[in-house]
Amino acid sequence: MKKLINKPENVEKEMLEGIVKAHGEYVKKLPGFNVLVRAKKKENKVALVSGGGSGHEPAHGGFVGEGMLDGAVAGAVFTSPTPDQVFEAIKAVDGGQGVLLIIKNYTGDVMNFEMAAEMAEMEGIKVEKVIVNDDVAVEGSLYTTGRRGVAGTIFVHKIAGALAEKGATLEEVKAVAEKVIANVRTMGMALTPCTVPAAGKPGFELSEHEMEMGIGIHGEPGTHREALVEADKIVDHMMTKILGDMDLKAKDEVAVMVNGFGGTPLMELYIVNNHVYDVLNEKGIKIYRTFVGNYMTSIEMAGCSVTVLKLDEETKELLDAKANTIAFRV
Amino acid sequence: MKKLINKPENVEKEMLEGIVKAHGEYVKKLPGFNVLVRAKKKENKVALVSGGGSGHEPAHGGFVGEGMLDGAVAGAVFTSPTPDQVFEAIKAVDGGQGVLLIIKNYTGDVMNFEMAAEMAEMEGIKVEKVIVNDDVAVEGSLYTTGRRGVAGTIFVHKIAGALAEKGATLEEVKAVAEKVIANVRTMGMALTPCTVPAAGKPGFELSEHEMEMGIGIHGEPGTHREALVEADKIVDHMMTKILGDMDLKAKDEVAVMVNGFGGTPLMELYIVNNHVYDVLNEKGIKIYRTFVGNYMTSIEMAGCSVTVLKLDEETKELLDAKANTIAFRV
Amino acid sequence: MIDHKKVLEIIEKIAEKIHENRQFLTDLDAAIGDGDHGINLDRGFQAVVEKLPTIKDKDIGSILKTVGMTLVSTVGGASGPLYGTAFMKAGAVMSGKMELNGSDILTIFEEAIKGIQVRGKANRGEKTMLDAIEPAYEALRRELEKGSTLKDALSQAENAAKEGVEYTKTIIATKGRASYLGERSIGHQDPGATSSMLIFTVLKESCEE
Amino acid sequence: MIDHKKVLEIIEKIAEKIHENRQFLTDLDAAIGDGDHGINLDRGFQAVVEKLPTIKDKDIGSILKTVGMTLVSTVGGASGPLYGTAFMKAGAVMSGKMELNGSDILTIFEEAIKGIQVRGKANRGEKTMLDAIEPAYEALRRELEKGSTLKDALSQAENAAKEGVEYTKTIIATKGRASYLGERSIGHQDPGATSSMLIFTVLKESCEE
Ligand SMILES: Nc1ncnc2c1ncn2[C@@H]1O[C@H](COP(=O)(O)OP(=O)(O)O)[C@@H](O)[C@H]1O
Ligand SMILES: Nc1ncnc2c1ncn2[C@@H]1O[C@H](COP(=O)(O)OP(=O)(O)O)[C@@H](O)[C@H]1O
Ligand SMILES: [Mg+2]
Ligand SMILES: [Mg+2]
Ligand SMILES: [Mg+2]
Ligand SMILES: [Mg+2]
Chain A
1 MKKLINKPEN VEKEMLEGIV KAHGEYVKKL PGFNVLVRAK KKENKVALVS
51 GGGSGHEPAH GGFVGEGMLD GAVAGAVFTS PTPDQVFEAI KAVDGGQGVL
101 LIIKNYTGDV MNFEMAAEMA EMEGIKVEKV IVNDDVAVEG SLYTTGRRGV
151 AGTIFVHKIA GALAEKGATL EEVKAVAEKV IANVRTMGMA LTPCTVPAAG
201 KPGFELSEHE MEMGIGIHGE PGTHREALVE ADKIVDHMMT KILGDMDLKA
251 KDEVAVMVNG FGGTPLMELY IVNNHVYDVL NEKGIKIYRT FVGNYMTSIE
301 MAGCSVTVLK LDEETKELLD AKANTIAFRV
Chain Z
1 MKKLINKPEN VEKEMLEGIV KAHGEYVKKL PGFNVLVRAK KKENKVALVS
51 GGGSGHEPAH GGFVGEGMLD GAVAGAVFTS PTPDQVFEAI KAVDGGQGVL
101 LIIKNYTGDV MNFEMAAEMA EMEGIKVEKV IVNDDVAVEG SLYTTGRRGV
151 AGTIFVHKIA GALAEKGATL EEVKAVAEKV IANVRTMGMA LTPCTVPAAG
201 KPGFELSEHE MEMGIGIHGE PGTHREALVE ADKIVDHMMT KILGDMDLKA
251 KDEVAVMVNG FGGTPLMELY IVNNHVYDVL NEKGIKIYRT FVGNYMTSIE
301 MAGCSVTVLK LDEETKELLD AKANTIAFRV
Chain E
1 MIDHKKVLEI IEKIAEKIHE NRQFLTDLDA AIGDGDHGIN LDRGFQAVVE
51 KLPTIKDKDI GSILKTVGMT LVSTVGGASG PLYGTAFMKA GAVMSGKMEL
101 NGSDILTIFE EAIKGIQVRG KANRGEKTML DAIEPAYEAL RRELEKGSTL
151 KDALSQAENA AKEGVEYTKT IIATKGRASY LGERSIGHQD PGATSSMLIF
201 TVLKESCEE
Chain L
1 MIDHKKVLEI IEKIAEKIHE NRQFLTDLDA AIGDGDHGIN LDRGFQAVVE
51 KLPTIKDKDI GSILKTVGMT LVSTVGGASG PLYGTAFMKA GAVMSGKMEL
101 NGSDILTIFE EAIKGIQVRG KANRGEKTML DAIEPAYEAL RRELEKGSTL
151 KDALSQAENA AKEGVEYTKT IIATKGRASY LGERSIGHQD PGATSSMLIF
201 TVLKESCEE
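Going line by line, the protein sequences match chains A, Z, E and L. Numbers 1 to 330, taken from UniProt numbering, label the letters of the first sequence in order. Numbers 1 to 330, taken from UniProt numbering, label the letters of the second sequence in order. Numbers 1 to 209, taken from UniProt numbering, label the letters of the third sequence in order. Numbers 1 to 209, taken from UniProt numbering, label the letters of the fourth sequence in order.
Bound conformation, chain A alone:
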């Protein structure tokens, strides 16, 4: 394990402090908790809380700020935060209009956030939750846990965050978040594994000529392993999976996110985007906005995901609304 860290058990704390020391104008840390909230609390609006394990930076602290989240909870690396941490975040950000929890669909995240919601409700705070499950690699089914929540979550933060900022009610904000969830799909792949600091070794091993398809964002193995092929073929495969699960026609408008997992350089992400654009363009689908970068990472994993969000007039306007956070600005 080669990392720029001190003790593995301190990475979360030192990282959060490093964020606050760099961006004190955006976020502050709740003393004693691994929770980042806006530097200046905005009262009288629906508050948004998201989070999950650490290791996904800039998610989720990087999305706290005007037009996006009000609070982000950071668990240990790849481990859902505990209910008391989430509860603390809820209490800190509630501005009297209720709190929306944006949860990625993992058993741990769902259970911990739900327990926190129960605690908050006992204190009289209005809490709603949405569960993001955009990962088309995993076949959803009534009998399983269902799909994972991955990079599409950021579009939920952005769009629900924009509506909340405008003063909408908790029900309205939840409804638009659900709309985004219904219309967003993601597929990911990895060239290398990643190493959880406390574990000290990679989560899986890949030979020089293999890639892992259908990967999530926790360094876990994907749905299957394939021979590494050229970028355009990989994109074709991912787009087939994504579009096969969406109902898109010519002239429909979409937002695209080409998301790096942390170890893949922008050079490669743009090469991926070059072909993502062509695939959509050839089908007559209109790309309204594109985001390329490291948004929802798996520590230093090399690889990427592609997210497509089908837009309508409402979500277009909310996507364009001002967002001013550490890692996402529109």
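If you're looking for bench data, these hints aren't it; they were derived computationally from the structure. Mixed in with the good hints there might be a few duds.
Unchecked claim - Quick list of in silico lysine to aspartate or glutamate cross-link-like pairs, EDC-like style, CA-CA up to 20 Å:
hint: 1; chain 1: A; residue 1: K283; chain 2: A; residue 2: E314
hint: 2; chain 1: E; residue 1: K114; chain 2: A; residue 2: E114
hint: 3; chain 1: A; residue 1: K310; chain 2: A; residue 2: D245
hint: 4; chain 1: E; residue 1: K121; chain 2: A; residue 2: E172
hint: 5; chain 1: Z; residue 1: K2; chain 2: A; residue 2: E208
Treat the numbers as computed from the prediction; the structure is a model and nothing was measured.
Please build the complex by placing chains Z, E and L with the ligands on the supplied structure of chain A, with the hints as guidance.
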């Protein structure tokens, strides 16, 4: 070599096209040249051109836009662009007020940009140049090539770009660029090498327990190799080198950039920043602004550099001025 | 008979056992999950051990509740709320007790299992900790009803837990993180079932002495 | 006597030689530079080869200038402007010539060296291409002045270039990218000196036939 690419000889072209397809509202490509210029040319201001080899993304195309560069020239990976490419950029961006070339101090960059300047002058375009040499790892001397230009270059783009945007003259813009160059220092280190696509194998090898100190941004070996130690000790070493070459006293104000080389996750960069802050804080030096992220990369190299820029009232104001580019927004 | 001192001792031994198996559980989780189960549980049980001195004179219900709350607030992930809820629910029905008989032990496991099911919405056969805990509980009840000694009953329970762990190798995960692997999860034993089995091993060992 | 057809042939052979040594030059550059020297020069000389048909009937001055301009606009890096300038300067003084005698060849190298020095501001002993080119030129002049055949003179020039390359192993780089390595550059031969040496090898081989 595990990369998300198609043919190695096409990476530069496909990448630039991928950038334009993602961010057409910011940049366009000059047809037939690997040059990105602002989507909307701003006339009647001093124009700024920078560039270098590819592989440093988001540098330099990511810094083209309001308040920063007017054009960025992209050579082959880690290879200075040729004079004709630079010349084309100069012609495209010149708005009648002259063009400032911001060159990183490498023999190749200096020679190619100089030849382009000669070509431009023959066409009657006013051209000035500044050479950035912020890398304290290399001892400067009259008898050698001198120090390299590395991540500090971005502060030159930002501050000179802000002044140019305000309508200053070529001489004034050059003067403030020189002021930044005189006051900025950087030191870098690497945990892993990187692989130039056309070469197909890493530039050097490092064992699991070694790091390369005094690294540049072209995958070349650094000044020396050391046993890997914890992040705080590495930061101590880098800050000693940087501050040893600057004349900083308590109450002085600085800007800080913790720059990732492409393969290092934000988690680690923030852990680095956590200690950079403490080192400066302990000396009573005031941190005016901090930037943490991948700004001047070496493809997928793991490692980072720390840059410190001493500020005065003028440079503070220009650092705060609006910049709206793909990869740098203030 | 198990008194509250013994309960404290057992909890300490569980913490030790988890600590010893930290890497093993983590490796199992790396194969079909995200490689943190041992790390998570170890962090939690170490926190529990630190809390023990503050509750050493308390009743067993309070002890179990404190263990549960500590796990909930330190483990995280899927196993934190599940093990935490299990201990908390068990604690709720043992309120005031300073010692446990066989029937108390059965009640404890009934409540724990119910808690896990309500929180995690899984059933036996989905490749989770329930595939070790439920058969172990059934063996325990069967043996105690037959009149076996607690020692023998716990030994049978441990065996059943071990068989449950073996069984998890043969099935596809449909709950938890391993479910994303589909077919690929076959052939691997479930880390949570394994940690549950280890708890039964500690119970057996503690009653042998 | 070398006519313009021979010049074209030599240029083609240089391109071949560089192509064959692409990896070797790149590896040398990886050790003390950024690992692209072979890639850069190969890209440039392949572009030159593509241009050759368009200038096959031109005078030697035009041929050399075209080679130089093509190198400048395709190689990049440090070696592009340097080799490019060298060919362009040489072309400038051979304008109109359809064949070269010994003294022309000396003039070519004098101009080339001057061009490299003005552009790169380096002197002999700084671990650059000049450490191969200058001694090779001096050997060539010495031999031609002595009355040796062109063939023998080029053979001596190649030897001197080889010695120059060996010499670069013993010194610290103070120009170019290798200068950043300081002491660490000792023990490695300079890639640019090596590519220059290869050009002299081609010259020698072409005049042997
Ligand atoms: N819904 C569920 N019900 C019961 N047990 C579950 C459920 N989901 C997961 N588990 C158990 O949790 C274990 C994983 O725990 P852990 O690795 O700590 O959490 P995470 O999956 O969040 O990383 C699995 O091996 C499984 O036994
Ligand atoms: N100032 C200079 N004068 C002469 N030759 C130089 C100078 N700087 C560099 N070189 C030569 O250029 C070679 C490196 O070329 P190349 O690798 O193509 O360029 P870069 O260093 O830009 O990657 C060096 O080995 C050296 O011989
Ligand atoms: Mg986990
Ligand atoms: Mg180069
Ligand atoms: Mg796990
Ligand atoms: Mg080179």
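Hints versus structure:
1. A:K283 <-> A:E314: Violated, because 23 Å separates the two Cα atoms, which is more than 20 Å.
2. E:K114 <-> A:E114: 17 Å, holds
3. A:K310 <-> A:D245: 12 Å, holds
4. E:K121 <-> A:E172: 29 Å, violated
5. Z:K2 <-> A:E208: Given that 20 Å is the threshold and the Cα spacing comes to 7 Å, the pair holds.
Consistency with the previously given hints fails for numbers 1 and 4, ordered from lowest to highest.
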